[in-house]
Amino acid sequence: MTYVVLEACIKCKYMDCVEVCPVDCFYAGENMLVIHPEECIDCGVCEPECPVDAIVPDSDPRSTPEWVKLNDEYARIWPNITLKGTPPSDADAWDGAEGKLVQFSPNPHRE
Amino acid sequence: MSQTEPLRPRAGPGAHVGVTEPMIREVVHAFYARVRADPTLGPIFEREIDGEWDAHLVKLCDFWSSVLLMTGRFKGTPMVVHTRLPEIGGGHFMRWLALFRQTAEELCPPPAAALFVARSHMIAQSLQLGVAVSRGEVPEFSP
Numbered sequence: 001m002t003y004v005v006l007e008a009c010i011k012c013k014y015m016d017c018v019e020v021c022p023v024d025c026f027y028a029g030e031n032m033l034v035i036h037p038e039e040c041i042d043c044g045v046c047e048p049e050c051p052v053d054a055i056v057p058d059s060d061p062r063s064t065p066e067w068v069k070l071n072d073e074y075a076r077i078w079p080n081i082t083l084k085g086t087p088p089s090d091a092d093a094w095d096g097a098e099g100k101l102v103q104f105s106p107n108p109h110r111e
Numbered sequence: 001m002s003q004t005e006p007l008r009p010r011a012g013p014g015a016h017v018g019v020t021e022p023m024i025r026e027v028v029h030a031f032y033a034r035v036r037a038d039p040t041l042g043p044i045f046e047r048e049i050d051g052e053w054d055a056h057l058v059k060l061c062d063f064w065s066s067v068l069l070m071t072g073r074f075k076g077t078p079m080v081v082h083t084r085l086p087e088i089g090g091g092h093f094m095r096w097l098a099l100f101r102q103t104a105e106e107l108c109p110p111p112a113a114a115l116f117v118a119r120s121h122m123i124a125q126s127l128q129l130g131v132a133v134s135r136g137e138v139p140e141f142s143p
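Sequence lines, in order, name chains L and B.
Residues in the first sequence are numbered consecutively from 1, following the working numbering.
Residues in the second sequence are numbered consecutively from 1, following the working numbering.
Hints are computed from structural coordinates only; laboratory data are not their basis.
Treat the hints loosely; a few may be bogus.
[As the list claims (entries may be wrong)] Here are the simulated EDC-like pairs of lysine to aspartate or glutamate, each with C-alpha atoms no more than 20 Å apart in a straight line:
1. K75(B) <-> E49(L)
2. K75(B) <-> E30(L)
3. K69(L) <-> E30(L)
4. K75(B) <-> E19(L)
5. K59(B) <-> E30(L)
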């Protein structure tokens, strides 16, 4: 049981979730965040915080194996993030865009 | 974007059903009084808390404040803490949840109690699964 960050986060990366997460289980890539499945305690606090509805419980049908795997994989590689940084300047333009997976960057977060 | 920027005010799910900081404090304190008196849970908590009950109660008030009122006061790693406990299993989680439900239902109006109970179940299920995974009792998270 864990929450999962989905495609909607890619290139939006607003980071409101990291401020409210009580267990600091978010990890940051260059243009998206993921949740560490073994650190998330399913408290549900982050889900309504996401302005682009990118976070769902793994029981949600939108949480496909592809996204569960991506969160699990990159949470072990990317740096932990606990403070909200500056979202991408074009974040609003990517809000709601379809097919963002091709934009996904495997690179870690950089300030 | 600095570390000193205050958390923007948020209502949190509890605000919609009447959860307040004093209510959280009352539930947490009453609940852990029951835990300490419980023959199953009491000895484990006494060993782990090791006399630091005041700090533990403050921490747990912060935890529930973060979960229900989104205050961001708690920062910790409860999964790690629970996976280190050698003896805990399903029976302990069930007992914990039963005492917590009893306490919340006695002290809170029904909608607030329901929220406490719902979140406690989600979190307990997650911790229980994490403990099992850490012991190799269930396959590691891999879809």
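Verification of the hints:
1. K75(B) <-> E49(L): holds, 17 Å
2. K75(B) <-> E30(L): Roughly 24 Å between the alpha carbons, so the hint for K75(B) and E30(L) is violated.
3. K69(L) <-> E30(L): holds, 18 Å
4. K75(B) <-> E19(L): Holds, at about 10 Å.
5. K59(B) <-> E30(L): This hinted pair is violated, its Cα atoms lying about 33 Å apart.
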